[in-house]
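Number of protein chains: 4
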Amino acid sequence: MAGNSFGEVFRITTFGESHGEAVGVIVDGVTPGIEIDRDYIQKQMDRRKPGQSSITTSRKEYDIVNILSGTFEGKTTGTPVFMILYNTDMRPEAYDDIKHSFRPGHADFTYLQKYGIRDYRGSGRASGRETAGRVAAGALARKLLENRGVSVLAYTTEVGGIKSNQFVESAIEENPVRTCDPDAAPAMVEMIEELARLGDSCGGIVECRVRGAIPGLGEPVFDKLDADLAKAMLSIGAVKGIEFGTGFDGTRILGSEHNDGMDKNGFLSNHSGGIIGGISTGQEIVFRIAVKPTSSISVAQKTIDIHGNEKEIVTTGRHDPCICPRIVPVVEAMTCLVLEDHFKRHLAMHG
Amino acid sequence: MAGNSFGEVFRITTFGESHGEAVGVIVDGVTPGIEIDRDYIQKQMDRRKPGQSSITTSRKEYDIVNILSGTFEGKTTGTPVFMILYNTDMRPEAYDDIKHSFRPGHADFTYLQKYGIRDYRGSGRASGRETAGRVAAGALARKLLENRGVSVLAYTTEVGGIKSNQFVESAIEENPVRTCDPDAAPAMVEMIEELARLGDSCGGIVECRVRGAIPGLGEPVFDKLDADLAKAMLSIGAVKGIEFGTGFDGTRILGSEHNDGMDKNGFLSNHSGGIIGGISTGQEIVFRIAVKPTSSISVAQKTIDIHGNEKEIVTTGRHDPCICPRIVPVVEAMTCLVLEDHFKRHLAMHG
Amino acid sequence: MAGNSFGEVFRITTFGESHGEAVGVIVDGVTPGIEIDRDYIQKQMDRRKPGQSSITTSRKEYDIVNILSGTFEGKTTGTPVFMILYNTDMRPEAYDDIKHSFRPGHADFTYLQKYGIRDYRGSGRASGRETAGRVAAGALARKLLENRGVSVLAYTTEVGGIKSNQFVESAIEENPVRTCDPDAAPAMVEMIEELARLGDSCGGIVECRVRGAIPGLGEPVFDKLDADLAKAMLSIGAVKGIEFGTGFDGTRILGSEHNDGMDKNGFLSNHSGGIIGGISTGQEIVFRIAVKPTSSISVAQKTIDIHGNEKEIVTTGRHDPCICPRIVPVVEAMTCLVLEDHFKRHLAMHG
Amino acid sequence: MAGNSFGEVFRITTFGESHGEAVGVIVDGVTPGIEIDRDYIQKQMDRRKPGQSSITTSRKEYDIVNILSGTFEGKTTGTPVFMILYNTDMRPEAYDDIKHSFRPGHADFTYLQKYGIRDYRGSGRASGRETAGRVAAGALARKLLENRGVSVLAYTTEVGGIKSNQFVESAIEENPVRTCDPDAAPAMVEMIEELARLGDSCGGIVECRVRGAIPGLGEPVFDKLDADLAKAMLSIGAVKGIEFGTGFDGTRILGSEHNDGMDKNGFLSNHSGGIIGGISTGQEIVFRIAVKPTSSISVAQKTIDIHGNEKEIVTTGRHDPCICPRIVPVVEAMTCLVLEDHFKRHLAMHG
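Protein chains in written order, with my numbering: chain A, 1 to 351; chain B, 1 to 351; chain C, 1 to 351; chain D, 1 to 351.
The hints are simulated quantities; they were obtained by calculation from the structure and are not laboratory data.
Treat each hint with caution, since some may be false.
When chains are identical, the list treats them as one kind, so a pair holds in a single copy or across two.
[As the list claims (entries may be wrong)] Straight-line C-alpha distance at most 25 Å; calculated DMTMM-like pairs for lysine to aspartate or glutamate: (1) Lys302 <-> Glu312; (2) Lys99 <-> Glu35; (3) Lys163 <-> Asp249; (4) Lys99 <-> Glu146; (5) Lys311 <-> Asp263; (6) Lys43 <-> Glu21.
Generate coordinates for the entire structure from the input sequences, incorporating the hints supplied.
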């Protein structure tokens with residue numbers, strides 16, 4: 001109800017502020033008896049962590065995941081898995097200058113409006129650091145999905161208007177933008193580095209594909225698979241939109257073209273993005289999200305302080321000029337959480 | 001869990017198939033002591049009902065809403081409000097030809113995959129008729145929001161690629177497309193009528209604006225206001241995408257432009273669409289959804305029957321060549337449900 | 001959240017007031033493909049309905065259950081099953097005298113305090129008639145449990161202090177008190193009839209046994225099987241207590257006696273009532289509930305009116321002098337709902 | 001769904017095993033801006049901790065509560081409050097002998113049946129240590145209730161058949177049994193010490209009173225205040241029953257006596273225990289729970305090992321011969337959680 005839990009059967013609850021003592025997650029509903037490997041989880045944490053390349057923030061969080069419950073002798077026990085990451089490179093004093101002002105594009109204003117109190121240090125709970133618990137939990141879900149033959153893959157398709165023109169899966173983790181187009185990657189990197197120099201930022205588009213999902217996942221009418229994926233994606237800070245299959249472009253073609261016909265070998269196209277009537281078709285599930293330009297920029301901006309006085313503000317601190325590369329593992333994590341949850345829900349219904 | 005409920009405090013549960021005996025809704029969590037007017041609810045039902053104009057299906061459902069519980073002497077009592085609409089113009093025999101085949105773009109295939117059984121009559125639960133209960137419940141929420149000074153308005157901004165170029169609020173209910181551009185309306189109508197003649201269909205884009213919402217609505221980190229609106233919208237059949245504020249286009253501008261600065265009079269722009277960090281800013285909330293072309297078309301399409309044999313199919317029955325005009329009141333209803341629920345959740349938290 | 005839903009996977013939502021137009025239930029999460037027989041459900045409704053014998057209220061409700069959705073060609077489809085019972089023998093005018101007063105033992109005072117408004121006709125939502133929807137839904141759950149080899153049996157073991165001394169299962173439905181002791185039944189009936197003449201009432205104890213439940217049902221630590229059964233029972237009006245196994249008496253024996261030892265054939269005793277650590281052991285599940293004396297009596301009682309003036313009140317209307325016989329099917333229904341829900345939850349977890 | 005969360009608005013999720021690395025809790029839905037005092041919480045932890053007196057287990061857990069998120073400069077922020085207690089005095093080797101056997105009265109058998117795997121060290125998740133997180137969260141709820149003028153008090157009224165005969169509130173925390181009868185305390189202590197010498201155990205009865213609750217709390221029909229309290233109590237290990245007001249004895253008096261009449265000063269009696277129709281009356285809320293004899297005893301008992309071989313077992317380790325004194329703060333904590341949650345739910349409904 002208060003918004004810090006996600007999922008129904010496979011359900012996570014997260015806690016922690018950016019510059020508090022720790023962030024973490026309780027994962028409830030984990031299948032018992034599954035071999036769990038801390039390294040497997042850590043590998044996903046490392047994909048999300050800051051300081052990976054020249055185009056990400058220089059904050060040094062080692063993001064070491066600690067599993068404190070729910071496993072025994074290397075296996076899950078069916079009881080809640082608790083994972084915690086202690087914060088290390090905290091510099092709350094770096095935020096003193098924004099203590100009494102609202103940074104444009106940030107949740108400073110809205111958190112104060114909502115709660116009447118605000119942990120201003122590094123955006124507190126509104127920081128991207130909150131996603132660390134999601135990625136840890138998502139790694140658990142990913143493991144369970146692997147056992148089901150399902151894989152989830154996200155990557156950047158556009159950065160600041162520079163589009164990818166090909167899909168080379170093997171290239172994704174080989175470039176710092178995590179784009180699927182190795183030829184477009186250099187221009188993307190160059191743009192981001194230039195913006196970093198200018199103290200400005202850009203957005204982009206991230207695409208996600210789910211392979212191996214059985215047909216039948218999703219619970220109409222309200223918990224449609226696409227509805228739950230949309231909620232999952234929009235729950236990530238900086239995400240401003242989502243589209244499935246042909247999405248917005250699909251509104252400009254005719255029904256006779258958009259409808260995915262079938263022959264004895266299956267579907268003849270995938271305009272639907274692998275979900276029809278809120279239920280997976282068994283095809284690849286495909287969606288794209290819009291990632292807004294990073295709010296933290298060092299260009300001077302007009303704002304007000306908490307007393308309503310006008311002022312200019314320059315956001316310092318250590319930030320990503322484009323969040324796409326680091327949002328990729330978060331998108332995958334949230335997608336894994338939705339998929340594993342819906343597998344379990346589907347089974348419950350039929351039991 | 002099984003997907004037929006929506007909302008947390010102000011919570012609806014719907015039932016009913018297109019060609020069963022009735023559709024309806026239980027609304028739980030309704031504020032007690034509110035004057036309720038059946039006509040007020042009926043007015044919204046009439047906006048959704050089929051057969052309103054030359055460009056909507058000719059199915060004749062009078063959509064008479066019956067309130068059977070939860071009110072006493074003209075006021076809500078705090079107990080569940082139950083509303084039912086008996087189906088009248090059922091023609092299940094019209095669906096005999098599709099009994100054993102999967103209509104492209106429809107949920108025929110996925111429902112059978114999921115449940116192992118399918119009420120094929122008029123798409124059963126996957127029919128747009130399922131939204132009748134949503135609109136009835138949404139009217140209740142709309143009434144409560146009116147008392148809070150909040151209004152919700154949706155309208156068509158694009159049909160089959162024809163874009164609106166102005167926003168004339170008074171024009172919306174005056175043209176059959178429910179577009180905000182009276183000058184674009186005739187071309188949109190013409191296109192839809194032409195497609196109707198051809199037995200084909202088109203999609204479009206519907207925009208929604210919420211006015212008067214206080215800052216502070218939305219429950220980070222998972223039940224962000226935009227996340228719940230996204231889920232609400234994607235739970236509507238035919239919706240394939242959503243974007244808030246500048247949305248996908250916003251990924252192509254710089255952070256220094258996208259960030260909404262402030263002066264002593266408030267925000268200087270609304271690229272965020274009225275929601276930052278998942279919490280309403282107090283500005284107008286603005287989002288757009290992608291509506292796919294209607295799946296039911298009479299153009300011959302390739303498909304298979306339930307035994308896997310290839311065949312061609314022509315969908316007869318009575319259908320809307322473009323669903324945008326009739327999806328408008330559903331978008332408003334779902335938006336009202338989300339808003340009223342979040343108002344109550346916000347209050348609960350602070351109580 | 002607002003309290004009119006029960007269960008997680010197999011979930012019911014009820015509506016309706018005693019003297020409104022109808023009462024009913026939506027059942028979500030029903031396994032698809034199950035043969036459903038209206039007569040099977042009606043049979044349970046008939047066990048609950050008023051006017052069955054000399055010791056129950058003379059209100060004539062035929063309690064005809066109508067299934068309006070969720071089935072197709074005699075089978076469940078996986079979509080919500082909606083069942084409604086239209087009220088027929090309403091006499092709201094019989095309640096005019098209590099319109100402005102609080103009947104002792106009734107929820108008149110608390111409903112007005114909570115909601116600020118009250119449907120006083122026949123107790124409105126607080127009436128026992130509200131349980132009709134529970135029994136209809138419970139019959140569905142009972143059917144699913146039968147397929148799993150599980151049976152649920154409740155019966156009266158004590159009435160107004162008269163205890164049963166034997167367990168004769170076949171006798172239960174053969175006497176109007178639904179007691180398991182045919183020798184005690186006449187005295188129980190005589191007491192109830194005498195109280196009816198005096199306009200007074202008595203309470204009693206109802207016991208319930210679940211047979212055939214697999215070990216492993218229940219979700220520690222909060223959704224223990226006994227915790228959910230306790231909630232289910234206390235959610236029934238007039239129930240004031242519950243105990244499992246040896247219950248309160250078990251607090252007076254030593255641990256060495258209370259602990260249920262095992263040998264190779266299984267447990268050697270069942271002090272635990274078939275649930276240990278919140279999880280079913282595979283033994284018979286046994287619990288007992290305390291049913292308070294019916295609140296509606298025609299003996300004069302001290303009370304106040306809604307303006308705070310003191311007065312005497314005599315409750316007229318048609319009421320059961322002892323609610324035990326009619327609470328038996330409700331206890332069974334709620335037990336079935338809990339069991340079927342926990343079966344599904346157990347499966348979801350392991351899926 | 002998987003059972004490790006409790007509450008709707010004020011909602012807790014716990015994790016941790018008895019002999020794992022830590023136990024703890026995330027509390028979501030905490031009112032922002034409340035002054036929070038670690039000492040206030042620690043005081044409640046100290047009432048629950050082992051080793052307080054001659055009649056409790058000698059396990060030395062200092063139960064130091066650490067608050068790692070959700071507060072800022074001494075106040076709650078509205079974000080999740082996370083509290084953790086690191087385990088210190090772990091002796092997993094003490095449990096080697098029960099690794100392959102089922103202790104009678106313990107959840108060893110049922111956990112293995114349910115999950116197919118079992119953390120046998122100190123009962124794992126089924127240990128009373130799991131309640132530490134509940135008490136920490138309950139202290140937060142207690143603070144919020146204090147601000148509302150509500151107090152919650154539990155105490156032992158019976159131990160191994162020895163009953164208390166008076167209610168002396170000031171005596172409760174002054175005797176190691178936490179009984180309200182200082183005259184009965186010595187006999188109770190003597191019995192428990194004697195049982196400790198014999199390696200046996202006894203049960204008892206704990207009563208709880210809530211004072212200052214407004215009328216109107218509770219959400220009929222399923223989330224009645226007594227229904228949710230019953231669930232809360234039965235979710236505590238070792239609790240086998242609950243009764244409200246006159247409870248089981250109330251089934252043996254007539255309706256004319258049981259009904260609580262009113263005059264202009266309020267209710268004339270409190271047979272209902274302060275809850276009618278599932279809603280608080282504004283009177284004192286009173287209920288009692290049955291606590292079974294501690295399962296861990298060193299008397300030899302018949303059992304089987306995990307291969308089904310019969311054997312005798314003697315449970316060593318450090319245990320409480322009567323759990324009543326230490327269950328008292330847990331009962332209070334769970335009661336606080338239910339009350340605060342229902343306050344918030346009541347407000348949400350009316351907002």
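*Between copies, within a copy, both or neither: which fits lysine 163 and aspartate 249 at Cα up to 25 Å?*
For lysine 163 and aspartate 249, both the intra-copy (16 Å) and inter-copy (13 Å) Cα distances are at most 25 Å.
*Could you place lysine 43 and glutamate 21 in one of the four classes (within, between, both, neither) given a Cα distance threshold of 25 Å?*
Answer is both; intra-copy 22 Å and inter-copy 23 Å each pass.
_If the cut is 25 Å between Cα atoms, do lysine 302 and glutamate 312 qualify within a copy, between copies, both or neither?_
within (5 Å within a copy, 61 Å between copies)
*How do lysine 311 and aspartate 263 come out at 25 Å by Cα distance, when the copy is not named: within, between, both, or neither?*
between (64 Å within a copy, 8 Å between copies)
*If the cutoff is 25 Å on CA atoms, where do lysine 99 and glutamate 35 land: within, between, both or neither? Let me know, please.*
between (45 Å within a copy, 20 Å between copies)
*At most 25 Å between C-alpha atoms: does lysine 99 with glutamate 146 qualify within a copy, between copies, both, or neither?*
Answer is neither; intra-copy 45 Å and inter-copy 32 Å both fail.
Comparing the model with each earlier hint shows a violation of hint 4 alone; every other hint is respected.
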